[in-house]
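Here the protein sequences come in this chain order: A and B.
Numbering of the first sequence is given in this note's numbering, commencing with residue 1 and proceeding in unit increments.
Numbering of the second sequence is given in this note's numbering, commencing with residue 1 and proceeding in unit increments.
Because the hints were derived from the structure by calculation, they are not lab data.
Among the clues, some could well be false.
What the hints assert, rightly or not - Derived BS3-like pairs: lysine-lysine, alpha-carbon spacing no greater than 25 angstroms straight-line: (1) B:Lys339 / A:Lys109; (2) A:Lys254 / A:Lys242; (3) B:Lys9 / B:Lys27; (4) A:Lys220 / A:Lys291; (5) B:Lys299 / A:Lys170; (6) A:Lys272 / A:Lys109; (7) B:Lys299 / A:Lys182; (8) A:Lys341 / A:Lys253; (9) A:Lys220 / A:Lys73; (10) B:Lys20 / B:Lys9; (11) A:Lys10 / A:Lys254; (12) A:Lys341 / B:Lys116; (13) A:Lys291 / A:Lys73; (14) A:Lys170 / A:Lys182; (15) A:Lys341 / B:Lys67.
Below, each chain spelled out in residue letters.
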Amino acid sequence: MEKQSAPRQKRPLPLSRRMVGEQAAGVYASAWEAHNAGRPVGWSTAIFPQELCEVFGIPVLYPENNAAAVSAKHAGEDFIAHAEGPMGFPINICSYARLNMGMADLMAKPGHERVEPAMAPPTFLLLANNSCTQLMKWYENLSRNLNIPIFFVDCLFNYAEEPPAPHKVKYVRAQIENTIRKMEDFFEIPFDWDRFLEVQRISQTNRALFNEIVALNSRKPAPMNGFDLFNYMAPLVICRGKRSTTAILRELKKEVEEHISHGTSTFRNEEKHRVHWEGIACWPNLGHNLKTLTAQGVNAVMNGYVTAWDIAYEPGDLDGMARAYQVSSTNSLSTPAIMSKRVQSVRDFGCDGMLCHMNRSCKLMTFHIMVGRETVEEQARIPVTNFDGDQSDGRVFSEAQFETRLQGLVEVMQAKKEASAHG
Amino acid sequence: MADVQALLKELGDVSAHPGKLLRQYRKQGRKVAGCMPVYVPAELAYASGMLPMGLWGGQVTPMLAGKYNPVYTCSIMRSCLELGMNGTYDGLSCILMPMLCDTLRGMSAAWRAGVKDIPLIPFIHPQNREDSGALEFLISEYGAVRSMLERYGDREITDEAITASIEVYNRHSEAMRDFALAASDHLDIITPVIRHHVFRSAMFMDRAEHTEKVRGVIERLAELPAHHWTGHRVLLTGITGEPASLLMLMARNSIAVVGDDLAQESRQYRTPIPEGTDPLERLAGQWLHRAGCSTVHEKNSSRASLLVKMARETGADGIVICLMRFCDVEEYEYPMLAKAASEAGLRCLCLEIDQSTQDNGQSATKLQSFAEMLA
Chain A
1 MEKQSAPRQK
11 RPLPLSRRMV
21 GEQAAGVYAS
31 AWEAHNAGRP
41 VGWSTAIFPQ
51 ELCEVFGIPV
61 LYPENNAAAV
71 SAKHAGEDFI
81 AHAEGPMGFP
91 INICSYARLN
101 MGMADLMAKP
111 GHERVEPAMA
121 PPTFLLLANN
131 SCTQLMKWYE
141 NLSRNLNIPI
151 FFVDCLFNYA
161 EEPPAPHKVK
171 YVRAQIENTI
181 RKMEDFFEIP
191 FDWDRFLEVQ
201 RISQTNRALF
211 NEIVALNSRK
221 PAPMNGFDLF
231 NYMAPLVICR
241 GKRSTTAILR
251 ELKKEVEEHI
261 SHGTSTFRNE
271 EKHRVHWEGI
281 ACWPNLGHNL
291 KTLTAQGVNA
301 VMNGYVTAWD
311 IAYEPGDLDG
321 MARAYQVSST
331 NSLSTPAIMS
341 KRVQSVRDFG
351 CDGMLCHMNR
361 SCKLMTFHIM
371 VGRETVEEQA
381 RIPVTNFDGD
391 QSDGRVFSEA
401 QFETRLQGLV
411 EVMQAKKEAS
421 AHG
Chain B
1 MADVQALLKE
11 LGDVSAHPGK
21 LLRQYRKQGR
31 KVAGCMPVYV
41 PAELAYASGM
51 LPMGLWGGQV
61 TPMLAGKYNP
71 VYTCSIMRSC
81 LELGMNGTYD
91 GLSCILMPML
101 CDTLRGMSAA
111 WRAGVKDIPL
121 IPFIHPQNRE
131 DSGALEFLIS
141 EYGAVRSMLE
151 RYGDREITDE
161 AITASIEVYN
171 RHSEAMRDFA
181 LAASDHLDII
191 TPVIRHHVFR
201 SAMFMDRAEH
211 TEKVRGVIER
221 LAELPAHHWT
231 GHRVLLTGIT
241 GEPASLLMLM
251 ARNSIAVVGD
261 DLAQESRQYR
271 TPIPEGTDPL
281 ERLAGQWLHR
291 AGCSTVHEKN
301 SSRASLLVKM
311 ARETGADGIV
321 ICLMRFCDVE
331 EYEYPMLAKA
341 ASEAGLRCLC
351 LEIDQSTQDN
361 GQSATKLQSF
371 AEMLA
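The shape of chain A in the complex, shown without the other chains (with noise of 0.2 angstroms):
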């Protein structure tokens, strides 16, 4: 007879994950509610100002953000294959967007089946190109096919290395302001500014707090697998002006002193090697990437993509808020002064090695990778290696590379850690 072993247990998720997962729920059945009721609903790029619909109450959704849940639960490989079927688009584009503008299509058509998150049909689009162009065509297509408005700031980029120029802040403050202006007419809702610096301080809060947390990681041994922060990003990008989230980081902060305080850690093997990860996460692969670190003992404690929403301001201060948005994005700057706040968080986490995701999907952010990593090399002395992957397309990444080249990054850390011990 065959020997049958227990099904494993799994661990139970601490409180604050179960939080998140409350509050994302949270707020597609508001979406919902909303559309069921026939008032508006908006979709949203991942970094634009949520503040202002924040006060008019208007719900909001994320494809970026719905895009990776659902990357992540292997389920976006039918949206992807419709939109570069039947709707034609071709495969180099952003995988967020193949997946999102085929969900939208196909959500429109009778007897589709939804796939869990599930977004409510948008009635108007929010659009920040700080992140990408892609973004901006993304939408345009959405904008047509749906034939829904599109409120627009337009961010810029920062090809230099200064911070943004008062030209650029006036440019981008007077669109919030236009926007502002804009939206009390298509809602028939008067902008309360007093809610609107009531919004602003709870974003303060919400991002100094995460920050804080992601700062507790820079221990030895961390308190926390890096890769928690993809996990904790959501209330970041879904809700940064709510209180939830406020409640979510709070007690996240305690369960990581806790953490500290008991010696103990999410991390769950050795912490031989501290590893910066830079790019999106691989949200079809992300059990693959996080086993095969552990099983190596390498714990990528920090990554640049969860800082894009340490969008700091002073509540009241418009200029400062426009400036803010036009720099938090990694895409939103130059490689010089993305690479030198890498090395600077490289140093601050004392890690030995950077392990760069080459997302096909990103095409900026891999400009970043491949002209900065030699400042990296350089400035921060530590071995840096990339693979190839997508934020959402599976077909890109390949466990072999992945698995041999994290192998030869090991090895170099190994190798420069006995060379240092050996004098």
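Mind docking chain B on chain A? Use the hints.
The following block gives chain B in isolation, referenced to the frame of chain A:
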């Protein structure tokens, strides 16, 4: 007849060998400013006394650019970086680079890392053109470009010089629009390749000189009876219709180009620089009026309707979408164009464009089938 052929040959030589012209201008003591695709205020460089020359890559096999370019970089940018890194662009005083797409944004870093001897003048167009601050913003950006050109050109750029330069460029644009019309009446002479060479040569020559040559071509064509073309008539849309060998395949299949919406060709000329008193405001105003281009954000893209209208006006039977491989902004518009063509009853062919390709076998088969469908 000999005259027109001689003029066309001259322009063809420039188109095929821009490096020769660059050396010639440098020998004459003129400074040259490189202009990256798609839209740059070349008028400012011209006003500084420099010669603006378009940088649209070429048919090269990249050996060096791969250090900084992802493999999925479009062939124009990849070959531009290659030509910068291998010394072909030596002699340029500076490069103007607009941040119109993610590749250009990435290229701003790649260029600085790979081509240290040719300084970069980056700038960005406002995409929210309906917003009240867009014009003022672009005037400031162009003001910064002007200052940098003064530094690299070693000469003050006066308002008067810019105004004069605008006149040269506006006259040239008008000549190119006239040429496109005249060419359609002489499809026996103005083959797809020759048409392309006339447009491409404009990228490299002094615009005043090019206007003179093109006006010469138009005048000589006007002396000839209009040709009754019995072959197929198509429009080209995309970034470029290169390499020239691809266009030769069209001619071989009796396909004539009767109009285009190519970024390298007619898109450059269909929006005149508006009248006004402040020359920078005039240049910035031109950007606000540009339409139907994948690099320009429009609330409702006018490109598809523009193409259909152009097809009606030129009597085109079909549209060839010259889809630049790895050009995101164009790839996002492909479904819209294919749908519009189909709804308008126009045949539509998508050709993948890669400047560096030496093998057009697949395109040859596609064009042959397309010609059969048009028949």
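Structure-based check of all given hints:
no., hint, verdict
1, B:Lys339 / A:Lys109, "19 angstroms, holds"
2, A:Lys254 / A:Lys242, "19 angstroms, holds"
3, B:Lys9 / B:Lys27, "23 angstroms, holds"
4, A:Lys220 / A:Lys291, "21 angstroms, holds"
5, B:Lys299 / A:Lys170, "22 angstroms, holds"
6, A:Lys272 / A:Lys109, "51 angstroms, violated"
7, B:Lys299 / A:Lys182, "14 angstroms, holds"
8, A:Lys341 / A:Lys253, "24 angstroms, holds"
9, A:Lys220 / A:Lys73, "32 angstroms, violated"
10, B:Lys20 / B:Lys9, "15 angstroms, holds"
11, A:Lys10 / A:Lys254, "22 angstroms, holds"
12, A:Lys341 / B:Lys116, "23 angstroms, holds"
13, A:Lys291 / A:Lys73, "16 angstroms, holds"
14, A:Lys170 / A:Lys182, "18 angstroms, holds"
15, A:Lys341 / B:Lys67, "22 angstroms, holds"
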